[in-house]
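Novice: The primary structure of each chain is shown beneath.
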Amino acid sequence: MQNKSSMPPMWWIKSVIILCALVFGIIYTLPTFFGNPSEWQRDANGVPAKWYERWSENLLPAARINLGLDLKGGLSLTLNVEVEKAIQDSIHRSISLAKDLVASEGVKITSYKVNPDLTTVVELDNIAKAQLVQKRIQEQTLLVLFDKIEGKTLYFQANRSYIGDYEKQLMQQAINTIRNRIDQFGVAEPNIFQAGNTRIMVELPGMTDTQRAKELLGNTAQLDFRLVLNSIPQGQLPQLLEEARKELKISEDANQPETIETLSQWLRDKNKLPKNSTIILHRVTSPSAQSIKTISTLPYLVEAHAKLTGDLIEDAQAQQSTENYIPQYVVSLKFKPQGAKLFGDITTEAFKPNNAPHQVAIILDGNVQSAPVVNSPITTGSAQITMGSSTNMVDQMKQAQDLSLVLRAGALPASVKVVEERQIGPSEGAQNIHSGFISTIIAGILVIVIMLVIYGMSGLVANVAMLFNVLLILAFMALFGATLTLPGIAGIVLTMAIAVDGNVVINERIREEIRSGFSQKQAFYKGYHTSFRTLIDAHFTSAVAGIVLIIYGNPTVKGFAVTLLAGIICTLFTSYYVTEVIGQWLVEKTKLKRFG
Amino acid sequence: MAFKIGNIQVFPHNYFFDFMKWRKVTVGISIVLVAVSLLIIGIKGLNYSIDFLGGAEIQVNVLNKSITREQLHEAVGKAGINHAEITTYGSLAARKDNSESYIVRMQREKGQDESATTNRADKLVSSLKAEFGAEKIQIASITNISGKVGKEDEYKGYMALLLSCIGILIYIAFRFDSRFAPGAVLCLVHNVVIALGVMTLFGRPFTTVSIAAFLTIVGYSINDTVIVYDRIRETRSLQPKMSMIDVVNRSISQTMNRTILTSTTGILALLVLSILGGGSIEDFAITMLVGIVVGTYSSIYVAAPLTLMMDGYLNKLGWKKKDAKELAKEVRPKDYAPPINVRKKVPQDKK
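Protein chains in written order, with our numbering: chain A, 1 to 596; chain B, 1 to 351.
For the record, the hints were derived by calculation from the structure and aren't laboratory data. Treat the hints with caution; some may be incorrect.
[Claimed, not checked] Among the chain A residues that face chain B by a calculated CB cut under 8 Å, a handful are: (1) P257; (2) I433; (3) A443; (4) L486; (5) A490; (6) S542; (7) A545; (8) L565; (9) I569; (10) L572; (11) K591; (12) L592.
From the three backbone atoms N, C-alpha and C, an ideal C-beta is built for every residue, glycine too.
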């Protein structure tokens with residue numbers, strides 16, 4: 001091939017592949033620039049008014065690059081799902097059910113305890129029927145495994161493999177629930193995804209009423225129903241709490257559910273409260289939204305663990321009640337069949353002689369919402385919650401609506417807390433896009449000029465490849481619906497600067513080969529051939545870092561890593577493959593004096 | 001060779017530079033730098049942002065620069081927040097709307113794991129709005145993070161760094177041989193520690209974006225090191241009789257052009273980003289800048305001397321020399337012709 005000008009055999013096929021990539025890059029990048037279809041102006045027939053929008057809707061794919069909230073403005077919330085607690089509660093409920101079952105078979109479980117590490121201790125009065133108890137408990141829950149018997153005590157271990165599945169199930173359920181709730185906001189293009197093992201990330205672009213969003217998503221109602229116990233008269237409870245506060249040095253203002261639980265725990269340990277009971281407050285807070293201040297509290301002694309939770313509710317409606325001649329808002333509940341049965345059981349139990357005064361506490365997020373007196377067992381499967389905590393009718397209506405919304409959309413299987421919130425104003429997003437765009441352009445021009453000055457023609461080819469590279473990265477991001485964030489822009493700029501590295505390596509090699517006496521063409525082919533291994537090694541090692549980031553990063557970092565990895569793959573393709581094909585044509589068919 | 005546009009040789013091609021002459025000095029410098037960095041990190045501690053510590057961060061844009069930082073500080077104090085820290089944000093370039101940006105950072109109070117829903121940030125925002133009014137300030141962003149997330153993120157960040165080092169180590173061990181691996185990994189550790197040290201020295205905040213920057217530093221410096229290693233491996237198999245020190249020097253000299261060019265384009269792009277990017281881009285770019293400078297240095301003066309050292313050690317054991325010759329026979333292509341300048345110095349066996 002010394003003097004003949006013939007293209008290498010694969011050249012045509014290679015250039016067709018590159019053309020396909022180019023077409024792919026263009027059609028997947030274009031829609032991103034047309035904006036969101038829901039914001040286009042449309043005529044009466046629903047056809048976009050502008051010709052290029054009509055054209056892009058019919059011909060181009062719908063995939064677009066999402067702009068991250070730091071570029072678009074909006075609200076992003078990270079919610080933590082308290083999975084551990086939910087699992088503990090679930091074990092508790094199952095053992096309590098098992099207790100009732102074995103009681104009907106003549107065995108008594110004197111006490112049981114679920115530890116934070118999910119190991120469980122069950123004490124019996126009669127060891128002879130230990131096997132039966134073990135069998136019943138295993139029937140009720142797969143979350144524990146039998147461990148050993150010591151004296152009259154049965155020990156259970158956490159069933160790790162099943163707990164893993166259960167955790168995933170809980171998370172999926174929580175995500176579905178949150179999605180249902182967000183649907184009711186009417187926010188365009190919300191983003192909901194799992195981040196980490198127990199966290200859910202919610203992005204609400206353009207959301208302005210952050211307070212309301214936080215209330216609905218963050219202070220998500222975990223609703224349960226518990227029997228009010230009367231083994232200690234209600235009048236003595238404040239005194240007991242006071243005693244515990246003094247002993248634990250907790251101030252009187254601290255009325256958070258967690259604090260009260262700590263106090264109850266201490267009282268239980270000191271045998272001042274019955275074993276399976278706890279104190280929960282009915283708090284009346286000041287109506288102003290700015291700061292939450294407790295006005296008055298009323299303690300209730302209730303069962304430590306709920307038998308009936310909000311996920312068994314079928315429907316909830318806010319209504320104006322006309323009873324009592326006082327206008328009042330109520331939330332009417334309808335239970336699913338299983339829930340109706342449990343609710344029936346609870347209200348029936350309220351009528352056992354020792355449970356007078358027949359109260360059932362409706363507990364929302366660790367606070368007693370109301371504790372209605374049950375006049376007779378309710379087996380119809382419907383109930384009402386009265387919104388009594390505020391005297392302001394508008395407040396009451398909003399509370400009732402929010403509560404019914406939360407309940408209707410499906411209560412969460414585990415309680416959820418906002419652990420992170422980011423709110424970015426829309427003008428700030430525009431400013432970020434502006435500075436990101438300007439710096440990308442300037443950095444790009446700098447790299448292009450340097451390459452042209454140093455390498456001339458082959459520098460030009462490298463620049464074409466670099467721009468092609470950016471096009472491909474954008475196209476892939478659109479294809480996978482990736483989110484472009486501020487750090488993502490930085491990643492693209494850095495890719496541009498480092499993408500030419502491959503061509504620098506190749507061009508230097510070609511120069512070396514020319515110096516060592518090869519002809520221009522030979523040097524070209526040899527240069528590409530020998531630098532291939534170097535490039536593979538160099539890119540693959542950087543890719544290792546990117547892969548680790550995708551596995552281990554938080555969402556922001558992950559977005560960055562996806563850009564980086566896509567960048568590496570595209571870089572290898574453009575800086576090696578594309579420049580080779582262009583270079584072959586230049587070397588074989590033109591009178592180019594020097595390449596490299 | 002004529003120096004004309006389009007054909008510029010930054011580093012003279014036939015210039016054999018004895019890089020390894022100073023290897024003892026540079027290894028010493030590196031050790032001192034790493035020690036000093038560790039000392040700085042140990043004494044000053046990383047300037048963790050609220051991403052890790054928990055707390056609230058409010059970005060306030062002062063329109064037309066009508067309020068000074070002192071005035072803002074006073075207003076924040078008046079709102080009942082005492083330990084807030086106020087810094088300028090994206091300070092290197094003017095903003096488009098002629099506003100000035102400040103970050104008010106309130107750390108989570110010690111011993112209290114407040115959830116992010118605390119209203120401290122909201123309270124401050126409303127009191128600032130009441131104090132100055134909408135024509136003077138604009139709340140650009142509010143971030144509120146509980147400490148719990150931070151701990152998990154921190155752990156994950158360290159795990160990510162550690163795992164990527166291990167992954168790279170495994171790859172190098174497969175593709176190269178035992179004399180190359182320790183150099184590559186120590187080089188990585190060296191770069192990351194020094195970049196961390198510089199960041200701490202200048203009090204740059206350590207955010208989740210910084211973790212991304214550090215992983216990019218890992219990626220970049222390994223890329224740099226691998227290209228030098230690749231050349232060393234190649235020269236060594238082509239010139240089995242050449243002493244290792246000459247092999248290393250020649251390889252570095254040959255890749256010098258590429259090293260200069262690539263780090264120049266990288267540094268220039270990052271300078272642009274750190275000046276014009278603003279905000280979180282600025283943090284990323286400054287960290288990366290340090291990383292690229294240190295990474296370029298270490299691929300020459302940390303990785304190569306360590307490879308030399310390993311080679312000397314392995315030669316003492318006397319089990320690799322023969323292997324290298326055989327390897328050369330296998331790897332050498334059929335149409336192999338040694339470069340002219342090499343041919344002059346070390347005569348080759350005729351094939």
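Novice: Decide, hint by hint, whether the structure agrees.
Specialist: Hints, verified against the model:
no., hint, verdict
1, P257, "12 Å, violated"
2, I433, "11 Å, violated"
3, A443, "4 Å, holds"
4, L486, "5 Å, holds"
5, A490, "5 Å, holds"
6, S542, "4 Å, holds"
7, A545, "4 Å, holds"
8, L565, "10 Å, violated"
9, I569, "14 Å, violated"
10, L572, "12 Å, violated"
11, K591, "16 Å, violated"
12, L592, "11 Å, violated"
Hint compliance for this structure: hints 1, 2, 8, 9, 10, 11 and 12 are broken, all remaining hints hold.
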